[in-house]
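Protein chains: 2
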Amino acid sequence: MKFILLLFVTLATASVAAAERPIAIVIHGGAGALERGRYSAEEEAAFRDKLTEALDAGYAVLDEGGAALDAVEAAIVILEDAPMFNAGKGAVFTREGKNELDASVMDGATKNAGAVAGVTTVKNPIKLARAVMEDSRHVMFAREGAEAFAEEQGIERVDPDYFYTEKRWDALQKAIAKDKSQQKGELSIDRKFGTVGAVALDAAGNLAAGTSTGGMTMKQWGRVGDSPIIGAGTYADNASCAVSATGHGEFFIRLTLARDICAQVEYGERSVEDATRDMIHNRLTGMNAEGGVIVLGKDGDYAMAFNSAGMFRGVKTAVETRVGIYGTEP
Amino acid sequence: MKFILLLFVTLATASVAAAERPIAIVIHGGAGALERGRYSAEEEAAFRDKLTEALDAGYAVLDEGGAALDAVEAAIVILEDAPMFNAGKGAVFTREGKNELDASVMDGATKNAGAVAGVTTVKNPIKLARAVMEDSRHVMFAREGAEAFAEEQGIERVDPDYFYTEKRWDALQKAIAKDKSQQKGELSIDRKFGTVGAVALDAAGNLAAGTSTGGMTMKQWGRVGDSPIIGAGTYADNASCAVSATGHGEFFIRLTLARDICAQVEYGERSVEDATRDMIHNRLTGMNAEGGVIVLGKDGDYAMAFNSAGMFRGVKTAVETRVGIYGTEP
Numbered sequence: 001m002k003f004i005l006l007l008f009v010t011l012a013t014a015s016v017a018a019a020e021r022p023i024a025i026v027i028h029g030g031a032g033a034l035e036r037g038r039y040s041a042e043e044e045a046a047f048r049d050k051l052t053e054a055l056d057a058g059y060a061v062l063d064e065g066g067a068a069l070d071a072v073e074a075a076i077v078i079l080e081d082a083p084m085f086n087a088g089k090g091a092v093f094t095r096e097g098k099n100e101l102d103a104s105v106m107d108g109a110t111k112n113a114g115a116v117a118g119v120t121t122v123k124n125p126i127k128l129a130r131a132v133m134e135d136s137r138h139v140m141f142a143r144e145g146a147e148a149f150a151e152e153q154g155i156e157r158v159d160p161d162y163f164y165t166e167k168r169w170d171a172l173q174k175a176i177a178k179d180k181s182q183q184k185g186e187l188s189i190d191r192k193f194g195t196v197g198a199v200a201l202d203a204a205g206n207l208a209a210g211t212s213t214g215g216m217t218m219k220q221w222g223r224v225g226d227s228p229i230i231g232a233g234t235y236a237d238n239a240s241c242a243v244s245a246t247g248h249g250e251f252f253i254r255l256t257l258a259r260d261i262c263a264q265v266e267y268g269e270r271s272v273e274d275a276t277r278d279m280i281h282n283r284l285t286g287m288n289a290e291g292g293v294i295v296l297g298k299d300g301d302y303a304m305a306f307n308s309a310g311m312f313r314g315v316k317t318a319v320e321t322r323v324g325i326y327g328t329e330p
Numbered sequence: 001m002k003f004i005l006l007l008f009v010t011l012a013t014a015s016v017a018a019a020e021r022p023i024a025i026v027i028h029g030g031a032g033a034l035e036r037g038r039y040s041a042e043e044e045a046a047f048r049d050k051l052t053e054a055l056d057a058g059y060a061v062l063d064e065g066g067a068a069l070d071a072v073e074a075a076i077v078i079l080e081d082a083p084m085f086n087a088g089k090g091a092v093f094t095r096e097g098k099n100e101l102d103a104s105v106m107d108g109a110t111k112n113a114g115a116v117a118g119v120t121t122v123k124n125p126i127k128l129a130r131a132v133m134e135d136s137r138h139v140m141f142a143r144e145g146a147e148a149f150a151e152e153q154g155i156e157r158v159d160p161d162y163f164y165t166e167k168r169w170d171a172l173q174k175a176i177a178k179d180k181s182q183q184k185g186e187l188s189i190d191r192k193f194g195t196v197g198a199v200a201l202d203a204a205g206n207l208a209a210g211t212s213t214g215g216m217t218m219k220q221w222g223r224v225g226d227s228p229i230i231g232a233g234t235y236a237d238n239a240s241c242a243v244s245a246t247g248h249g250e251f252f253i254r255l256t257l258a259r260d261i262c263a264q265v266e267y268g269e270r271s272v273e274d275a276t277r278d279m280i281h282n283r284l285t286g287m288n289a290e291g292g293v294i295v296l297g298k299d300g301d302y303a304m305a306f307n308s309a310g311m312f313r314g315v316k317t318a319v320e321t322r323v324g325i326y327g328t329e330p
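Chains A and B, in that order, are what the protein sequence lines are.
Note that the numbering used here gives residue 295 to position 295 of the first sequence, counting from 1, and the numbers run on in steps of one.
Note that the numbering used here gives residue 193 to position 193 of the second sequence, counting from 1, and the numbers run on in steps of one.
Calculated directly from the structure, the hints in this document are not laboratory data.
Worth double-checking, as some hints may not be accurate.
If several chains are the same, the list does not tell them apart, and a pair holds so long as it fits within one copy or across any two.
[What the hints assert, rightly or not] Within a straight-line C-alpha distance of at most 25 Å, the following computed SDA-like cross-link-like pairs (lysine to any residue) qualify:
{"hint": "1", "residue 1": "178", "residue 2": "221"}
{"hint": "2", "residue 1": "180", "residue 2": "152"}
{"hint": "3", "residue 1": "111", "residue 2": "287"}
{"hint": "4", "residue 1": "123", "residue 2": "171"}
Take the sequences, apply the hints, and build the full model.
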């Protein structure tokens, strides 16, 4: 059984009440088969606490007049450092038993962007993605070249063992066992596609988006998913919206999912709500693919939508702080 | 001095005359500082002959009722095998003196796609990109993982020395010398961004696009440009258009250039001509970036536009076969 949930809220009330430009941060920690009962009460509370911590960190930046980019980074670093999410510490394993991390970030004010794919020794890939954006001639680096750039920039490195968690290792062993009974080319439907991400709007009216992931359990060597692809997993443009996605990345690349939502807003004059709904519940579902997305419009309207049973998610504005996991809660 | 050229043609006449669905192929071999006088008459003739050969190969596929995807592959393989273009044989060198090749392909009928980044031993990266699309669970592979997949699939491999050409090696040495006198973060304006690409429309009404490149002379290790990024260097959707781009890839990624042109057509209800002009002459030029693009609409309308002095290019339809290099020829 699959739940479908759409959350669309306008910040109009908030901005009127505060008589200033709205600030907001929206985050996700991955979408998937998150039915109620899957986690113990303690586990569930830990998820909610960590999501709240990330929201608070990002919002504090915005509340002090800081930049959307800094808010996005602050929130994502907390999610990367938490072993419960598939990004940074807690990343899943590739088929070869490695942890290969991807991340990207985009600045809606300049449409500048940075991305890294397949890094194995960088503690916080989102920081490296930002360094690529700000301190290199390029937008994207893959694998050893990305590591070399991290070294050059003095970005914190760790031993690959840092990313080991028993839970993810066990998940790989299960996936390997299951794969042996499956046909080539067929993806196990309960394969996990966890990712973390954040989108923010600052008081100056600038949007930013960032995404970070440990990839797909048992992915093939060198596979690049949507998270480091600008326009697929991440997109931000002050003219339309900011997006971070989580799900079956291959479909997100083919749909240019993040860019497409913003293009519907920009060229199709659709609302953030309509564009997001169309993408997740018509196009993504139409491809038999699963996932979710967080979207923040230039006026502060936001959407969190997914066609899986649940999505780790949260939003913080001047008037609300809210986190959710299941499809059956608001 | 910079020439600006736009070529927009409608195939309406052709389709009426032939009383059947239009077929068409459009190709490029890179855009850049291609002023008249740069090449000898012999060199120029060799470029035009090779472009014509690629057009003929692709068009022959379409004319026999073949698929747009096959036409795109046939044309690109010829351009990859020609040492005069920066793709396959003839690829430029990275800062470390290596040849790292990128390619991608997209099927407008299914929006399926395949891409490879940073391969060093694959003779025709476009064939590997297609294998990723058709024979893997994934859309994109980078570096060693892409090589491993090539091995698995029996795709033709070569010794990295195969890609050596004296001309490109000399270009690297010049770039290294020049770089020493430049500030970090500043891109030499005459750095070359050659790429090859093709877009095709078949008799069944299907669009396809493909792009292949040797990257940027003196690029940093592991840099990924726009060519393997679906939505940046390559995009195809039967609902709108097919695009292959060539130029300063970092800006193409930030602009989601290929997807954006098609999004303007799809959501903004702009013509292929208007969308292409807006992208190249407003947005790309507005970012002080250089490049060009070939675009083919679902009804056979096509555009070839660039804001550099020239672009190697060609088009073949039922009613015309035409190749060009400079901005001052039609």
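Hint check results:
In this homomeric assembly, residue 178 and residue 221 come within 25 Å of each other (Cα to Cα) only inside a single copy, at 19 Å, whereas the closest approach across copies is 37 Å. In this homomeric assembly, residue 180 and residue 152 come within 25 Å of each other (Cα to Cα) only across copies, at 18 Å, whereas the closest approach inside a single copy is 42 Å. Only between protomers do residue 111 and residue 287 lie at most 25 Å apart by alpha-carbon distance; the minimum there is 10 Å, versus 29 Å within a single protomer. Proximity of residue 123 to residue 171 under the C-alpha cut-off of 25 Å is restricted to the intra-copy arrangement: shortest distance 22 Å within a copy versus 37 Å between copies.
Consistency note: the structure conflicts with none of the earlier hints.
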